[in-house]
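Chain order of the listed sequences is A and B.
For what it's worth, our numbering labels the leading residue of the first sequence as 1, then goes sequentially.
For what it's worth, our numbering labels the leading residue of the second sequence as 1, then goes sequentially.
Honestly, the hints are just simulated from the structure, not real lab data.
Computed spacing ranges between beta-carbons, pair by pair:
{"no.": "1", "chain 1": "A", "residue 1": "G110", "chain 2": "B", "residue 2": "G72", "range": "44 to 50 Å"}
{"no.": "2", "chain 1": "B", "residue 1": "K13", "chain 2": "A", "residue 2": "N124", "range": "37 to 43 Å"}
{"no.": "3", "chain 1": "B", "residue 1": "E17", "chain 2": "A", "residue 2": "N124", "range": "40 to 46 Å"}
{"no.": "4", "chain 1": "B", "residue 1": "S41", "chain 2": "A", "residue 2": "G51", "range": "32 to 38 Å"}
Ideal placement from N, C-alpha and C gives every residue a C-beta, glycine not left out.
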Amino acid sequence: MPTSFELKEGQSLPTVEKNIVQDNINLYAKASGDFNPIHVDADYARKTPLGGTVAHGMLILAYISQMMTDAFGHNWLSGGRLNVRFRAPARSGDVITISGSIRRVEKEDGYHMIDCDVLCHNQNDEPVITGDAKVKVKANENRG
Amino acid sequence: MAADKDIAYQNLKAGQEFPPAAFQVDSATVSDYLKAVEENSVIYRGTGIVPPMAVAALALKALINAISMPPGTIHVSQEFEFMATVNTQDILTGRARVSRVQERGKLHLMTVDIDVANQKQESVLAGKTGFILPVE
Chain A
1 MPTSFELKEG
11 QSLPTVEKNI
21 VQDNINLYAK
31 ASGDFNPIHV
41 DADYARKTPL
51 GGTVAHGMLI
61 LAYISQMMTD
71 AFGHNWLSGG
81 RLNVRFRAPA
91 RSGDVITISG
101 SIRRVEKEDG
111 YHMIDCDVLC
121 HNQNDEPVIT
131 GDAKVKVKAN
141 ENRG
Chain B
1 MAADKDIAYQ
11 NLKAGQEFPP
21 AAFQVDSATV
31 SDYLKAVEEN
41 SVIYRGTGIV
51 PPMAVAALAL
61 KALINAISMP
71 PGTIHVSQEF
81 EFMATVNTQD
91 ILTGRARVSR
101 VQERGKLHLM
111 TVDIDVANQK
121 QESVLAGKTG
131 FILPVE
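So here's chain A without its partners, still in its complex pose:
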């Protein structure tokens, strides 16, 4: 069920926090079929400029999608839009916080068009992903 909160400008979205662990990176590689050694081969990754394995960027995007699903439910699955830039890698041992807030709400043909800022940052407050997300919600929808 979507989290209940007011659809108003400045409103924060429900925050998600994730510990990045190599086991999850490996599981994600299996599920996505992306076995690039930079994600799963510690010996290989150690010799690269990154100095160690990093999480798939798409794994961190999945966390943003989780936050948007928590906030907007099915409206996100069918009608959601995401536009992001990857700013820094997420590594095993990092704690990533996924947050967002509503930047703008516009009413249009019985819908709320909601524009959100989204951010993933690590435990050192360094941005890992920045961007925006848009979703369309029926104006009279009961959102839990």
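Since the structure of chain A is already known, use the hints to place chain B on it.
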């Protein structure tokens, strides 16, 4: 989006299209995916609904399989639009097209557009993926 890595990225030009690739996201894959991303929303519990980012990841996998990406390739930007819910029974077809290639010094900037449709030819997902690749 061919299965073989037979397209060297140096040869890619804007406008180039990859052969379409069919894929399905079965319930075992969804289960692995949900475990990997620690997602426990009731939306996915026993419903057969596939998380949209799982669809996106598998569409990108087909793309990455089609291009011989050099070591040092960085995924720098990503856009997605989710148009319709995907179920585990759906048979999806992914299409990809290079929309921009730019050489800047020792780097190539490349943008690839992705579209995924279901068995009814309805678009379920569209995306734009930005890579930076080292010039070899």
